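Asks: Chain by chain, the residues run as shown.
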Amino acid sequence: SPGGGDDTFTVAAFTAGYGTPVGKSILDQFVQEGRDRGWDVTLYTSDFDYDKINSDLQTAISQGVDAIFAGYPDPRQIGPLVSAAKAADIPIFSIDGGVEPNDDFVLDVTTKQQQIAELTVEALGEAMGGLEGKDVMVIGHDPHVGIMTRSGMAEDLLRDAGANIAGGSIRQVLAPATSQEETLKFVTDYLQANPDGLDGVWTGWDHAAVGAVQAIREAGRDDIYVTGVDAIGLALDEIKKDGPFLATVIQPWPDVLAELLSHMEAYAASGELPSTNFIETDVELVTIDNVDQVEPTD
Amino acid sequence: MAPETSTLSTAALPRERAPMTQLLWQGGTIIALLLLIAFFTIMRPGVFLSVGNVTNILSQVAILTIIAAAQTVVMVVGDFDLSVGTNATLSGAAAAALMIGGTPVPAAILAGLAVGTLVGAINGILVAYLKLSAFVATLATMTTVGGLAFIVTDGTTLYGMPEEFAWLGQGSMLGLPMPVVFAMLVALLIWVVLRFTTIGRRWYAVGGNAEVARLSGVSVRATRFLAFTVAGFFSAAGGIILVSRLSSASSSSANNYMMLAVAAVFLGMTILRSGQANIGGTLVGVGIIGVLNNGLNILGVNTYVQQVLTGVIIIAAVILSALKKRDA
Amino acid sequence: MAPETSTLSTAALPRERAPMTQLLWQGGTIIALLLLIAFFTIMRPGVFLSVGNVTNILSQVAILTIIAAAQTVVMVVGDFDLSVGTNATLSGAAAAALMIGGTPVPAAILAGLAVGTLVGAINGILVAYLKLSAFVATLATMTTVGGLAFIVTDGTTLYGMPEEFAWLGQGSMLGLPMPVVFAMLVALLIWVVLRFTTIGRRWYAVGGNAEVARLSGVSVRATRFLAFTVAGFFSAAGGIILVSRLSSASSSSANNYMMLAVAAVFLGMTILRSGQANIGGTLVGVGIIGVLNNGLNILGVNTYVQQVLTGVIIIAAVILSALKKRDA
Amino acid sequence: MTATQTRASAAPALEAHDIVKRFDGVHALEGARLSVRAGEIHALLGENGAGKSTLIKVLTGIHQPDQGDVRCFGEPVDFSGVRAANRAGVVALYQELSIIPTISVAENIVLGDRAPSRAGFVRWAELNRRARLQLDRLNQRIPLGKLAGHLSPVQQTMVAVARALGSDARVLILDEPTASLTDTEIRDLFVVLRGLRDEGVAIVYVSHRLEEVFELCDRLTVMRNGRTITTRDVAETTIDEVISTMVGREQSELYPARGTTRGEPVLRVEGLAGRRVADVSFTVHAGEVLGIGGLAGSGRSELLRLLSGAQRRTAGAIEVDGAALRGAGVGRALEAGIALVPEERRSQGVILSAAIQDNIAIANLGDVSRAGFVSQRRIGALARRGLEELRVKARGPRQPVGQLSGGNQQKVVLAKMLARAPRVLLMDEPTRGIDVGTKAEIYRLIRRLAAAGTAIVVISSELPELIGLTDRILVMHEGRLNGEVEAASADDELILAHAYGRSA
Ligand SMILES: Nc1ncnc2c1ncn2[C@@H]1O[C@H](COP(=O)(O)OP(=O)(O)OP(=O)(O)O)[C@@H](O)[C@H]1O
Ligand SMILES: Nc1ncnc2c1ncn2[C@@H]1O[C@H](COP(=O)(O)OP(=O)(O)OP(=O)(O)O)[C@@H](O)[C@H]1O
Ligand SMILES: [Mg+2]
Ligand SMILES: [Mg+2]
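Sequence lines, in order, name chains A, B, C and D. If you use this note's numbering, the first sequence corresponds to residues 1 to 298, in order. If you use this note's numbering, the second sequence corresponds to residues 1 to 328, in order. If you use this note's numbering, the third sequence corresponds to residues 1 to 328, in order. If you use this note's numbering, the fourth sequence corresponds to residues 1 to 504, in order.
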């Protein structure tokens, strides 16, 4: 119990993103690290079914836990478990729980979305020799908070730099699972209709970027650049080829987790809460220059 | 067998000696449910069947129950409705959007219900009056309505509805979470309608053989239309309660419920000899899905393995009842 | 018999004196396809019907064609296979995993095909021999197989297959992308089997009325089993080609193809008076879906609105043929 | 059909010994015996529910007997299913099971394993030749390429018959093949059956039309309540004797006396037209039984469907008790007092999966409900009344109709419509598949209803029934009325003359 009592520190951990590579690996790692520290960790997962997550956590809360670990939560969809936790005075520690400070969490450690957008847009600008008057397609997926935020930021940055958004607005992918194929179709079709209307493709995550790269290569073009986010292995391979895939961004999730764990440890030991409830960590751009030093995140 | 009296002059109607055998249900699926409960209870004594966890299971399946009840009605008339999931999403999102825009809660709820009912009515027109196959028609409305839900939510998650709206999904009554109360009410209502009213009879008759029903004076088209409309209404109710439960409306919050609802109804159909959809069976089907999900979670089984096991256990349950049937 | 109009769509009919009116197909869905093509051509002259874009459309629908052809076979015998999508995913992922693990490409491909065929055979056993409803059985295998695909890929995306494997999905022959070549071969093969072979005719007989077929001495179980097995095989082929096309195997790459395949086959069924599944019709259905998708992309229509329009246009196409039917 | 016939004397072609078969406690067969020789046509007779169809299903491996054994040419056999039976040369045409609607006529006739093929490919020319051969034998000119589902019911039956005949069977079993055929087709069928008999095929023939049996068959076996009562040479017995063996007692007069009073007009039809029917006018009076005659496809069924609202009329007026029938649909017609007993019971008459009582209730929801809620008690009572009145052989009102014998299913259809106490009762082949004893009962019922003031219109393809049962007969030809005859003075020839379009 918090405050250094003698019985075990119990944690209910949850994620609705266990079906995604990063979600799974980081949550598994959390469970491992927690157990290494002698905590009693129970993991609740679902495939984006927040109804189930809320019920599971409400039960866990009613049975009594010392803390809650939220992995990649959508802060908008966890209202019921947040109120239950508040009523029971149980702190929620989160990673990647949004893009701004949120009183629902005693601590949310995340990455800098603004920095992700800036780094990628800058990279595009450099490769294309300036953004003024260039046509850039932006591919997003609004149901995902992080992607929505950074694609919105990228759109603003591109417009401010004088680029045109190809197609007029952000192209939305319907399902992340099939995003490579969806993006392949988007970009191919767009190039059919506008062979001269595309200079770059900004995507919110690497799978989409890979689809775009493929479309560009199949169209026989070498003058269109693509950026992604996440640094998955597939993306790193493409970057090494020095083709259309210009850059991706690595979000240091293991570091984020380590940061969060240190605060949880303090709470477990002494009941001490973090002094701030929002920590943003820096991200790193991956290009052909540094790709060899980067480990894939999946 | 009655003695040789079956001649023309002496009425030879054998007495119904064994009315119990007439109930004509077979327990395969129910046995599967009980086995699952027994298994999880043994594996985690004191946890699985604790009051807290049972309440938890009930509230996890509440919305599925409502949507599966809607699907049951359509399947009683011998059709499918693939749009129940996206319809629930759209109706919930519409209600949420209105509330966020300042519409009073009751009016927004009514509007959400109206949206769902309208979608149901459109399905009804396509299937009953324009004679499209229910599969294509509702597949198409599923797609369209799913797209509309994206448009209404602008692809993101809506939140910030008034406090009082939360009661529907997060309040409780006599210790039962409100969604559970609503699920029980809906199941009861549809059970009564199916079993005791003339419209229920008509639904079953149309599902049994639409041409025979028509020649018996049933207005098949109106009957079928009504079934789809009712399904639309209850799908909307499910979707709105879900939004209240989560205090947010995502662009695809309830879409997955379609497959689960169909699975639940199909599991439930194995319970009657006649193979008809029925509410009792649907509840058993929902129970299997809910118990499995919760039990495997409690045992800490990996999500992927859970999925594998869910499929295997559904098959096992259905085979169990198929075996029983063959004996008879 | 009127001039040999044997387009792919006409049901196989004996020569003798079968008058033209007996060919019994109705063009509603075909008209819808032509209208769509005309519309997009007018909207973007020179772009939509350019050689490049037509090839593009063909390669976009190639994998759907293969999976829809698999679905057609099952729907000819009057059943459904909801597992074609996850089965394609799993088979593709299995082949990919083996290749990455060092298995030679041909052996890995054969293993992937074997996985898919096995899943199909299991469906066949459940439906044909254990008499489960195809809907529940394949819903359950869909779930299980989907879970297995997650396990095989460990939830991530597999990549790094040998270069030569890419030929299947990214090579080309006579100017046609290989997936298009494969799709044409599969469609042709299944067309020939359905139309000209005894097994094809038996599939149609079972689909028309399984009970009459059984009592007339058709081995209904073996026939139905074979249909599911064949569907499993071709689903696997589709999944493997998709993996090659994308050079990656995600944990749910082909899952969505199930719904699209069902929609395509259903659209195609409207072109025969008898309402049977048939390859010609399926190709028309695939064409509608592909043209719509590409055309709306070319016009720059928002994804969400695309979804709404897709549903609406499917309904319009089906209503068009329903109207024709009523006249006849 | 090869030289097997010469071994005819050696052992019976097909034998069944003391077969017992139970379903859920119902004893369908309790010691059934049958012995059919090669080269004979052997009638299998019995009341509805006596067990004829069940015996046939045991003989062809669809059901496994609980006790007893089956021998084929002296060899004990235990067929695992239809295919095994077919391989042994035993082929059956089952009651009411006809065609596959979505495939062509030719493929329906040469179905399954028998389709000629080379390397897995269908040999269409050969397939067509064989199909044509069978249809020619039956004098049927049905286009081979047509979808079987688009044929008229009579044609569908003939296609199914052609399939059975073309099977090269050594033992051919036909379960009520003529129930839905008219005289012409029956005659053509008999020619073929006699030919097969002469080639040495053993034929089992089930029918409730005893005149046919005496015309066609060599020997007959009578069953009652699942038991075989007797097997006799046809030449050594009489129809009356057979009937009394079937029902267990003497049979009274088949047709009841005609009505004596003719009351007010009840049904008046003026210039009625619709699909396949044009310009039909007639009146039916209270107490009158009106017959409708005609050839297959002459539009008789369509006429009744127009009257009952099952089919939309394009012109004409219908009046019941002086009130015009307005609007369309079966519901309206039923409210106005017009009820139809349709000709196809499986597709139009009963919901096979539903209980007897639910089948009856569905056309009588008004009677069994109050304020939209149905009363189980009333549903049960209504059904019980119908079952008793028509002597349905069933376990009780909750038994699914699909488990009843064919004739008993038909009685459920009658019960459903009779329960409405209609003003006008339209009956399309009401006694199809019903045993002689019950026929007499139904005839009496019809007379009683007529005497009570109901207007009754009956279609029958059995001319003796048409003449014996009705007061007046309208004959249809190509969708129009072509003559009217008083039943009392009618004979087959007169009716056929009108039916073939000659105006007498
Ligand atoms: N599957 C079944 N389940 C229950 N009872 C059955 C089943 N099949 C037949 N029976 C019963 O067996 C008895 C004999 O039926 P069967 O069909 O053999 O009669 P039948 O002599 O052919 O009569 P009909 O002349 O009316 O065709 C009937 O009482 C029937 O209800
Ligand atoms: N060529 C046809 N194609 C499709 N259906 C037909 C055809 N001919 C007849 N029918 C159907 O068959 C049934 C009987 O038709 P109709 O009224 O013409 O014949 P009928 O005189 O009652 O003779 P029967 O019933 O003996 O065939 C009706 O339901 C009708 O719709
Ligand atoms: Mg019978
Ligand atoms: Mg008729």
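Hints are computed from structural coordinates only; laboratory data are not their basis. Quick caveat, the model's predicted, so the values are computed rather than measured. Positions of the beta carbon are idealized from the N, C-alpha and C atoms, including for glycine. Misleading hints may appear alongside valid ones.
[Claimed, not checked] Partner residues aside, some chain C positions facing chain A, computed with beta carbon under 8 Å:
#1 T41
#2 R44
#3 V47
#4 N56
#5 T197
#6 T198
#7 S248
#8 I298
#9 G300
#10 T303
Asks: Now tell me, hint by hint, if it's right for this structure.
Replies: Here is how each hint holds up against the structure:
Of the supplied interface hints, the one on C:T41 is violated, with its beta-carbon coming no nearer than about 13 Å to a beta-carbon of chain A, more than 8 Å. The closest approach between the C-beta of C:R44 and any C-beta of chain A is roughly 6 Å, which is under the 8 Å cut-off, so the hint is satisfied. Proximity of C:V47 to chain A holds as hinted, the smallest CB-CB distance being about 5 Å (cut-off 8 Å). Below 8 Å, beta-carbon pairs count as interface contacts, and C:N56 has one with chain A at about 6 Å; its hint therefore holds.
Against a cut-off of 8 Å between C-beta atoms, the interface hint on C:T197 is violated, since the closest Cβ of chain A lies about 34 Å away. Interface restraint check: C:T198 against chain A, minimum CB-CB distance 38 Å, threshold 8 Å, status violated. About 6 Å separates the beta-carbon of C:S248 from the nearest beta-carbon of chain A, less than 8 Å, and the hint is met. For C:I298, the interface hint holds, since its Cβ comes within 8 Å of a Cβ in chain A; the closest pair sits about 4 Å apart.
Taken as an interface hint, C:G300 checks out: its beta carbon lies about 5 Å from the nearest beta carbon of chain A, inside 8 Å. At its closest, the beta carbon of C:T303 sits 5 Å from a beta carbon of chain A; the interface hint therefore holds under the 8 Å criterion.
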